[in-house]
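S.K.: Below are the chains, spelled out letter by letter.
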Amino acid sequence: MLKYSLRRSLAVVPTLLSLIIICFFLMRLAPGGPFTSERPLPPAIMANVLERYGLDQPLHIQLWTYIKNIVFHFDFGPSFSQRDYTVNDLIAAGFPVTLTYGFWSAVFVLALGIPLGVVAALRQNSFWDYIMTGFAIFSQIFPNFVLAPLLVLLFTLALGWLPGGGWNGGHWSYIIMPAVALGTSYLANVARITRSSLLEILGAPYIRTARAKGLPERTILIRHALKPTLLPVISYMSPVFVYMITGSVFVDVFFSTGGIGQKFIDAAYTRDYSVILGLAILYSVLTFVLNLLVDLAYAAIDPKVRSGLK
Amino acid sequence: MTLLQAENLSIEFQTPDGVVKAVNDVSFSIGAGETVALVGESGSGKSQIALSVLGLLAGNARTSGTVTYQGKNLLEMQQNELNSIRAKEIAMIFQDPMTSLNPYMTIERQLNESLEQHEGLKGAAARKRVLEAMDAVRIPDAKNRLKAYPHEFSGGMRQRIVIAMALMCSPKLILADEPTTALDVTVQAQIMALLKEIQRESDMSVLLITHDLGVVAGACEKTLVLYAGRVMEQAGTLDLFETPSHPYTRGLLRAVPNIQDAVGDLRSIAGQPPNQMVPPPGCPFAPRCENRTEQCDRELPPLVGDIRHQRACWRPVEELV
Ligand SMILES: Nc1ncnc2c1ncn2[C@@H]1O[C@H](COP(=O)(O)OP(=O)(O)OP(=O)(O)O)[C@@H](O)[C@H]1O
Ligand SMILES: [Mg+2]
Numbered sequence: 006m007l008k009y010s011l012r013r014s015l016a017v018v019p020t021l022l023s024l025i026i027i028c029f030f031l032m033r034l035a036p037g038g039p040f041t042s043e044r045p046l047p048p049a050i051m052a053n054v055l056e057r058y059g060l061d062q063p064l065h066i067q068l069w070t071y072i073k074n075i076v077f078h079f080d081f082g083p084s085f086s087q088r089d090y091t092v093n094d095l096i097a098a099g100f101p102v103t104l105t106y107g108f109w110s111a112v113f114v115l116a117l118g119i120p121l122g123v124v125a126a127l128r129q130n131s132f133w134d135y136i137m138t139g140f141a142i143f144s145q146i147f148p149n150f151v152l153a154p155l156l157v158l159l160f161t162l163a164l165g166w167l168p169g170g171g172w173n174g175g176h177w178s179y180i181i182m183p184a185v186a187l188g189t190s191y192l193a194n195v196a197r198i199t200r201s202s203l204l205e206i207l208g209a210p211y212i213r214t215a216r217a218k219g220l221p222e223r224t225i226l227i228r229h230a231l232k233p234t235l236l237p238v239i240s241y242m243s244p245v246f247v248y249m250i251t252g253s254v255f256v257d258v259f260f261s262t263g264g265i266g267q268k269f270i271d272a273a274y275t276r277d278y279s280v281i282l283g284l285a286i287l288y289s290v291l292t293f294v295l296n297l298l299v300d301l302a303y304a305a306i307d308p309k310v311r312s313g314l315k
Numbered sequence: 002m003t004l005l006q007a008e009n010l011s012i013e014f015q016t017p018d019g020v021v022k023a024v025n026d027v028s029f030s031i032g033a034g035e036t037v038a039l040v041g042e043s044g045s046g047k048s049q050i051a052l053s054v055l056g057l058l059a060g061n062a063r064t065s066g067t068v069t070y071q072g073k074n075l076l077e078m079q080q081n082e083l084n085s086i087r088a089k090e091i092a093m094i095f096q097d098p099m100t101s102l103n104p105y106m107t108i109e110r111q112l113n114e115s116l117e118q119h120e121g122l123k124g125a126a127a128r129k130r131v132l133e134a135m136d137a138v139r140i141p142d143a144k145n146r147l148k149a150y151p152h153e154f155s156g157g158m159r160q161r162i163v164i165a166m167a168l169m170c171s172p173k174l175i176l177a178d179e180p181t182t183a184l185d186v187t188v189q190a191q192i193m194a195l196l197k198e199i200q201r202e203s204d205m206s207v208l209l210i211t212h213d214l215g216v217v218a219g220a221c222e223k224t225l226v227l228y229a230g231r232v233m234e235q236a237g238t239l240d241l242f243e244t245p246s247h248p249y250t251r252g253l254l255r256a257v258p259n260i261q262d263a264v265g266d267l268r269s270i271a272g273q274p275p276n277q278m279v280p281p282p283g284c285p286f287a288p289r290c291e292n293r294t295e296q297c298d299r300e301l302p303p304l305v306g307d308i309r310h311q312r313a314c315w316r317p318v319e320e321l322v
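Residue numbers (our numbering), protein chains in the order written: chain G, 6 to 315; chain C, 2 to 322.
Isolated chain C, as found in the complex (with noise of 0.2 Å):
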């Protein structure tokens, strides 16, 4: 069953040198339970995607297209009726745990107030759920540590707590921008683990951003690959690892140091990502891709294929000879 879909989500924003395009043209669905990986370099628009489904882009952003939530759009929602799914149905996992805590607040009152907010939970009956949760993160020593402020705890700990706050209201679905870059490799996989554990237990929903595929390989149902604002490539997570069709794909998964399809040298994608101002009127992956044609200059490819596996390329891999 689908809980979320975006149709042709596009989203800009305007600035004093002109109409920045962030998103164009997306479109997924997030099945109950599901994870889906949202996959691309940094400036993609993975966050603003995230964003705006809990309607929380920059005061100049404009959007376009639809994202359900049980039968109503999302980015036309009023601010009161939002606040009504945001934490409790939908919440969001924020990228930077170092900015996105309130230092001047202690880490209790910060992982209370939305119980407070959607469940008029006060008191003793709080505190033992803002326990549970950070329990449930493996947050040591909780009840010692629920007057502290976010300076007092490391990193890795700060990124538990932002994880722990998203969980407060038992949502049905979490937007995960990035949980784990702002950590070291082992506690990367720690927290995934942790991420997939919790999901299980309680069969939440999903969408998980990053732009690292190491981390998509064993967590994700569905991958999409963002590249400029738009879908590069969507496909079932295994189908796209054995069998990637975009070019731009197989350059992500090539620069993936641990992944077994991945064999031979290691190696970066040449260039930088297109300007989105104006933006050139082919392919946006063109100027970096090998295989370009004439073609590819010139027109943007449609996202096309089977509805388990979508590419838009004018040139994919398996018609190389």
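Pulled out of the complex, with its shape left as it was, chain G reads as follows (with noise of 0.2 Å):
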């Protein structure tokens, strides 16, 4: 499996240098940049500025030393837009806290979309099943950009109990409000995902044999029917995962969480170039590692793939 995970990690370089190339170029294809304005800096203060960011070297120069910084200094350069701030300070800033309320997000989702599904599956029709339909129902009309409003309305404005933006170095009350609006519509998919994978798992001929075997309900279900009842649900979540510790724009920009989404946003409306290309190359790296985990817990439960990976 380790061996495994480290084929999987040295085939990930020519992908993301092929990465890395790719946007660079696309970046400079885009009309203006980083210093342009309403009103054009003289000549010389210009010349002076596109000096200091090795902005006047030829591209391929400029490529190389970029591609250079980051293997050998783990450096992404200084952002173009704000001055005395390096891409790694940025992020630096920006990602513990998409990190932490996508972690929250990540784990509200499947704290209490799994076991609703579960509930409404073995329970067809019964309350909790209709709670769950509705939930879901509820989640399509009210997408995040629609909850967070009516979340804020409600519990800060009328009940005053939580904070309506802000992030205060990660206070648990600060959190709530964001992953929940980030995770609800996810929360209502894990939800109706698992019902279906569970009831379809119920009536495989293996359970039927857990049950001839007199075994209780209860240990057919955790022994035998969970972990298969999962595999669909892990598929769906590892680009959510991603999703959710990268920040939605959305949520960072509605709940001002100072989060890498609100960097995003800021680094396209400015053209910085470095922060882009350092937040691009982020999320490829995030994409990769999620997805190798997802593709590791997949093996963890099924032989099957196991045994393909060896």
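Rather than coming from a laboratory, the hints here were simulated on the basis of the structure. Check the hints yourself; a few may be wrong.
Take a look, some chain G residues computed to stay more than 12 Å from chain C by CB distance [stated by the list, open to error]:
| id | residue |
| --- | --- |
| 1 | V18 |
| 2 | I25 |
| 3 | F30 |
| 4 | I50 |
| 5 | L64 |
| 6 | L68 |
| 7 | F140 |
| 8 | P154 |
| 9 | A163 |
| 10 | W166 |
| 11 | I250 |
| 12 | D300 |
Sample of chain C residues facing chain G (criterion: CB under 7 Å; computed from the structure) [unchecked claim]:
| id | residue |
| --- | --- |
| 13 | A88 |
| 14 | M93 |
| 15 | L102 |
| 16 | Y105 |
Beta carbons: idealized from backbone N, C-alpha and C, even for Gly.
Relying on the hints, combine the two individually framed chains into one complex.
M.R.: Spelled out as structure tokens, the structure:
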């Protein structure tokens, strides 16, 4: 399994390199630059600025310097729009924020969604089954950009229980609403997927075999049915995890968390090449790592996949 | 002594298209140490009869009649009482070894969980019993295969695992649902011999389900021939083979290639089993029967005859000139 992970990690290096190169050129293809503004800078100053950031060099030299700095110094360069900040600084400031509420959002989604789906499947057409269906419809009617203001309306303005925005070093009261707003629609999907997956598994012949052994239903559910039930949930969550910990731009902006989604928007507005590139690389690495983790989780559950990994 | 007795067992399924009458008025008994065969074409209701004994029918099934085991009707038993009988007293060998094993659990776990459930056996003691059972069904290199998963075994080996699983708690009765259909002929013979041997050693009763009369010949004392969920004929196996009374039985015997009595050409029975949603009023086999009369189409023949040889037919073979 370790060997497999290493092999996968090595295979991702060329992918990352091509990604950097493509992003690098795409960004420069777009008209304008980080220092174009309504009122053009005097040519002498412009030249100075360009020199300071190495933008006066030929493109291939710029690219080479950029890659060299990343590989040897893990340095993603200075931000073009926020003086005195490096890309590393900005990521270090924003990423822990999204990682934190993204993590709790994932916990919220799984810890509630899976049990809800299980109960709905075991008690079809019961109260909890209807709750689940209702919830699924609710989350379709209220996507996060509608839900977030409603949450603030209720918990901040009406009840005064939770702060309506900010981060405050990640105090729990600041995490709840971003996490809930981010997770609700996924929660409904996870519950729905769990329900139909479990219903299908419970009809499988091997569950009947387990019943024929005289095992109590609870044992059958936990020992025999749960693992295979979770496989489609894991598949579904794999891209969602990436999305969650890289932060929803909307949630970041709406709750002013100072997360990385906010930084991405700022960078896009100001054509901050280095920040956009740095974030794109961060996203790709995260996508890769999470996909690997999901594949490993799959292998942990399914022995057929496991023997395929050897 | 009678171990299991089914009386007027009927099973029907509620489906969106209507009620499917899968099993109708079936009665039989299995004595201690006895092997009874249940024979019939695909869809004749064999598996459902076995499943009903252990309360394993699908959710849309309704049963009537009784299946008595040790003085109690299994069809009306509470879940937890039933659980104490499953695997421990009555075990089942399932029809399809490819799907009836859990692909996500090791063989050892699947074999030892009934021991844990019924005898509280764990650890080394349980492992010893698992290895014994694997040896009994001749799974080679058992010790090194405990941690293997079902997909790592061939079909024949999986079938043996399924059999070992049923044997774990030394049940008094085994419901063997086509234990050899998934296998090629040589392995079939091995498995049947194996079952016979284990049965002799432990004085176990077996309900052997099959559509292959060839398998029945050497292995069973008594045979029930089922058609469209009804008993067509029931008799001692020898008797049945020598003097089949029902045209359907005779047809089945003719379709068996390796039986001495069935000399002459090998013939299959033309036609299809009837629709079980709206069964025809008369004998269910009538549309396919060579000897049918007008009465056969109109009236359902009752199961009659000496208790040792019964048949449901208006014009049994022996009455034809
Ligand atoms: N859940 C169900 N709902 C509706 N009909 C069912 C259901 N389960 C079984 N049946 C019907 O019951 C009938 C008998 O099925 P059964 O599985 O007992 O056949 P069988 O004799 O074991 O055949 P085979 O040799 O193919 O295993 C079939 O016609 C089948 O379609
Ligand atoms: Mg069957």
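S.K.: Now look at each hint and say whether the structure bears it out.
M.R.: Tested hints:
With a cut of 12 Å on Cβ distances, V18(G) stays outside the contact zone with chain C, its closest approach being about 33 Å. No beta-carbon of chain C is positioned within 12 Å of the beta-carbon of I25(G); the least distance is around 40 Å. At roughly 47 Å, the least C-beta separation between F30(G) and chain C is larger than 12 Å, which holds for a residue marked as non-interface. The Cβ of I50(G) lies farther than 12 Å from every Cβ of chain C, with a closest approach of about 67 Å, so its non-interface assignment holds.
For L64(G), the requirement that its beta carbon stay farther than 12 Å from each beta carbon of chain C is met, with the minimum near 53 Å. Here L68(G) stays apart from chain C, with its beta-carbon at least about 48 Å from theirs, past the 12 Å limit. Residue placement check: F140(G) keeps its beta carbon more than 12 Å from all beta carbons of chain C (closest about 26 Å). Its beta-carbon lying about 44 Å from the closest one in chain C, P154(G) satisfies the requirement of being farther than 12 Å from that chain.
Once the 12 Å rule is applied to beta carbons, A163(G) is consistent with being away from chain C; the minimum gap is 46 Å. For W166(G), the requirement that its beta carbon stay farther than 12 Å from each beta carbon of chain C is met, with the minimum near 43 Å. Distance to chain C confirms I250(G) as a non-interface residue, since its nearest Cβ pair spans about 29 Å, more than 12 Å. For D300(G), the condition that its CB be more than 12 Å from all CB atoms of chain C holds, with the nearest at approximately 16 Å.
Interface hint status for A88(C): upheld, as the beta-carbon distance to the closest one in chain G is roughly 5 Å, under 7 Å. Of the supplied interface hints, the one on M93(C) holds, with its beta-carbon coming within about 5 Å of a beta-carbon of chain G, less than 7 Å. Interface hint status for L102(C): upheld, as the beta-carbon distance to the closest one in chain G is roughly 6 Å, under 7 Å. Proximity of Y105(C) to chain G holds as hinted, the smallest CB-CB distance being about 5 Å (cut-off 7 Å).
Of the hints listed earlier, there is not a single one the structure fails to meet.
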